[in-house]
Amino acid sequence: MIYYLSLPLFLLFLIVLQSSISDVLLFGVVGVEISMILVLYAGLHLDVIKGGILSFVAGFFLDCVSGSVSGLHAFTYVSLFLVSMMTSMRISLDKTSLIMIFTLIFALLKGIIITILYSLIYRIDLSVNILRLYIPQILVVTLISPVFFHIFYRMDVLLQGGHAKQLKRT
Amino acid sequence: MLFHKKHQTIIIACILLVISLIVLSYSVKQPSEAGLFRKMVLEMAAPLVSAINIPINEVGTVWKRYLFLVGLEEENRLLKKESAMLSNELLQYREGYLEGIRLQKLLKLKENLNYQSIAARVIAKSQTTLIKTILIDKGTADGLKIGLPVVAEKGVAGRIIESSWHSSRVLLLIDESSKIDASLQEGRNQGILQGGGAGVCNLKYIPKTETVKVGDVVISSGLSGVFPKGLFMGVVTIAGKNEPGLFQKVQVVPYVDFAKLEELMVLLPDKDNRK
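Read top to bottom, the protein sequences are chains D and Z.
Numbers 12 to 181, taken from the working numbering, label the letters of the first sequence in order.
Numbers 31 to 305, taken from the working numbering, label the letters of the second sequence in order.
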């Protein structure tokens, strides 16, 4: 229950924080999407209800804070979470390099999904701009992902009373 | 029960995807309605942004100071401290002076328009990827509503796309989904000024038969009734007829420097003009 009560507050704080970091410290040039790393972590470590709700709420909050149409990031995050969850049945990410490759692939996937949805909604072809728009952001997210995977793991341990569960899904 | 357990994951996954798709399609069909949840999130986010920006700004300042002051002698540091205090004081006066000038310019702009206006302060910017918006500190409680034009001292900044009670989001001129009726000041050719993403806009639907020169000024045409006629929007930087099709490519750089926006003015039509 504590999880579900604290989740919205934590996610709102996280999303506002990542926007502020991007605006103030990186001069708004590169987005630091920590929320996406959290969604990927949830896909690997949380069950479908907890992780699914987390992904949906994080996406919805990001839509609200970034000003995009409601559901754009919510749908993208839920999709990423589900793909990440399905992937977690086959691989184990115990090395930093693997986490980075995993994040890189999913960040690219996210960029593609967002571009497709954005093109469908606003009828604007952004395919020529996709590299310029997303490559810096993807690189930043890839580089910081191991650190945040570790932080989220520690928080997971703290919330679950001493041991983080690596849920086995069959 | 066995069925339920076996397929629980798939069912929940499908439900989540369907819910998010419903939210997305509803928002696309009803773009003007910011739902209650969205308003609440925006309302909670606005003060949180201000609160979080204080320590982050401090960290930024400390980081910059560290970069500049590392390695200096103690005496030098003391002198710098004293100088910094005085500079800070001077900066405050200067800041007030500059703010006064900016507000004066906004006020002059207001006097020239047949609109009422509400001054607002920028509290957050979101200009990283696709969406280029800013958050201002006035909302429906101050009389703002969706669609109202927003101007800066140098010209058009954008329009309000969502409002909560005490904050509103402004879609900037440079956002790719922003489309505003505009015309060239010299030739009076009319077109649509659409955001081009990286700090520029494109003036669309200008026929190749018309002459457009680099340096031509683009103003609001006032056709859609959202923006008053004659507001400065930008200046033409590229005008080319090499593109295939009937229209020429006209790239425009906005007058407003969106990275430095601090105060804005939201225009409300005069009571006589209101529907």
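None of these hints come from the bench; they were simulated from the model.
Watch out, some of these pointers could steer you wrong.
To be verified - Listed below are several chain Z residues computed to face chain D (Cβ distance under 8 Å; list not exhaustive):
| # | residue |
| --- | --- |
| 1 | A43 |
| 2 | I49 |
| 3 | S50 |
| 4 | L51 |
| 5 | S57 |
| 6 | K59 |
| 7 | G65 |
| 8 | I148 |
| 9 | V152 |
| 10 | K155 |
| 11 | L160 |
| 12 | I161 |
| 13 | E206 |
| 14 | K243 |
| 15 | V244 |
| 16 | V247 |
In this text, a Cβ means the ideal position worked out from N, Cα and C, and glycines have one as well.
To see whether the hints hold, each was checked on the structure:
1. A43: It holds, given that the least Cβ distance between A43(Z) and chain D is near 5 Å, below 8 Å.
2. I49: At 7 Å from the nearest chain D Cβ, I49(Z) passes the 8 Å test, so the hint holds.
3. S50: At about 4 Å, which falls below the 8 Å cut-off, the nearest Cβ of chain D leaves the hint on S50(Z) intact, so it holds.
4. L51: The hint holds - L51(Z) has a Cβ within 8 Å of chain D, the shortest such distance being about 6 Å.
5. S57: holds (4 Å)
6. K59: Result: violated, 10 Å to nearest chain D Cβ.
7. G65: holds (7 Å)
8. I148: violated (20 Å)
9. V152: Hint on V152(Z): violated, closest Cβ of chain D at ~11 Å, above 8 Å.
10. K155: holds (5 Å)
11. L160: The hint holds - L160(Z) has a Cβ within 8 Å of chain D, the shortest such distance being about 6 Å.
12. I161: holds (5 Å)
13. E206: Status holds, d = 5 Å.
14. K243: Result: violated, 27 Å to nearest chain D Cβ.
15. V244: violated (23 Å)
16. V247: violated (26 Å)
Figure legend: structure checked against the earlier numbered hints; hints not met, in rising order: 6, 8, 9, 14, 15, 16.
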